[in-house]
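Novice: Fit chain B to the known structure of chain A by using the hints.
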Amino acid sequence: MIFRAVEDADLIRRAARGGVEAFNLLVSRWDKRVYNYLLRITGNREDALDLTQDVFLKAYQNLRKLEDPARFSPWLYRIAHNEAYSMFRKRRPEADLDSLEPEGTETGIAVGGSSVFPMELSLAVAGALERLSPDQREAVVLKIYQGFKFEEMSEILGCPVSTVKSRLYTALELLKLELAPVKARGAS
Amino acid sequence: MSCSPFDLKDYFLKELPEPEGRQVEAHVKTCQPCREELERLRLTQAALFSLRDEEIPQRIAFVSDKIFEPSRARRWWTAWAPSLAFATAALAVVAMVMRTVPATVSAPAAPPAPVVQTISDAEIQSRIDAAVSKAVAAQTTEVKSLVAELENTRRGLRLAAAEYELSQKRIGAVRLTAYSMPPEPLGEVK
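Chains as they are written, first to last, in the working numbering: chain A, 1 to 188; chain B, 1 to 190.
Chain A with its partners taken away, still in its complex shape (with noise of 0.2 angstroms):
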């Protein structure tokens, strides 16, 4: 565990009273977990990137209505979901969220025509993350990536959490199919 001279919480407090350094210093803390969220789940580095400066953006101007300092982490991921869910709708308007998927290719996420994933294991955990529904991408990265409880799953979702195991679990299912004979095979 990395030791932390001062804890998240003690930064968010200030930052609400107007310390700009102390929210830099949150922003340093969060921005790379931020970016990797979002990268996972638009599929897209440029995307990726403006959103998480736009989630810190307005995680600041918002952070007054922070009412627990110790839910810092699920109101952020709220945000940066909100944040990409409305960059999707302003996208493609007129499609169903539901049926709405990342820029990438099943090479993995592509940019600029560059593979991020180059290993035969990556690769297959990048098609099989990419076939599954946005919905159930979004909860294995927040499980298994991000490591949130069910809880707080919810609540950056908005939905209930027997919806979220739902998603989690059908994902699960499917990715055992398609990863763990690859794994145990010993690709790397």
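Hints listed in this document are in silico derivations from the structure and should not be mistaken for laboratory results.
Nothing here was measured: the structure is a model prediction, and the numbers come from that model.
Positions of the beta carbon are idealized from the N, C-alpha and C atoms, including for glycine.
Possibly wrong hints are sitting among the right ones.
No farther apart than 30 angstroms at their CA atoms in a straight line, the calculated lysine-lysine pairs in the DSS-like style are these [stated by the list, open to error]:
hint	chain 1	residue 1	chain 2	residue 2
1	B	K134	A	K58
2	A	K149	B	K29
3	B	K14	B	K29
Covered stretches of chain A, as calculated for chain B (at least 3 residues, CB under 8 angstroms) [to be verified]:
hint	stretch
4	75-85
5	153-163
With the C-beta cut set under 7 angstroms, the calculated list includes, among others, these residues of chain A facing chain B [as the list claims (entries may be wrong)]:
hint	residue
6	D31
7	Y60
8	L121
9	L179
Specialist: Positioned in the frame of chain A, the structure of chain B alone reads:
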């Protein structure tokens, strides 16, 4: 279908409370299908972890970044001040050169006209001199007036730039005050 007393995925994802978790552990020790299911979940998770987090391609801008930027008036002044100074200096040089012209023009008129010249020639010469002096004086006055006007404009621009900068500082101060306004009371940490 798992025969575990509680959901194996809940257990695997550490979402089960401690007592229930212990019951699952005890069950798994004696149940091979559940052990195999847990192993498949573990392999799946290990495969998913082969996708590493990426480094963020560029630093996210801090909210304080803009405060350190020079104001628009300062940027404008920095870009245009050298050109303006050069133009002013050039006009001043032109004005000085023009002021010296009457002296050189009137100098040849100083020597007295030869006796052999007729009065009418002298009169013509004096009329020419008078006309040249008048034209040069008019030109000099015009250049002086232009220089003075340019100087006034320059002062006006400086004043405007200073006022603009001051207003930008005031806006910045208002923003900072807004940032530093005491927030609504935060809730207690649970």
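Novice: Evaluate each hint against the coordinates.
Specialist: Each hint, compared with the structure:
1. B:K134 - A:K58: It is violated: about 72 angstroms lies between the C-alpha atoms, which goes past 30 angstroms.
2. A:K149 - B:K29: holds (26 angstroms)
3. B:K14 - B:K29: Between K14 of chain B and K29 of chain B the Cα gap is close to 18 angstroms, so the pair holds against 30 angstroms.
4. 75-85: The restraint on the stretch 75-85 of chain A is violated, since only 0 of its residues have a Cβ under 8 angstroms from chain B and three are required.
5. 153-163: violated (count 0)
6. D31: With a minimum Cβ separation of about 5 angstroms from chain B (threshold 7 angstroms), the hint on D31 of chain A holds.
7. Y60: holds (5 angstroms)
8. L121: holds (5 angstroms)
9. L179: holds (4 angstroms)
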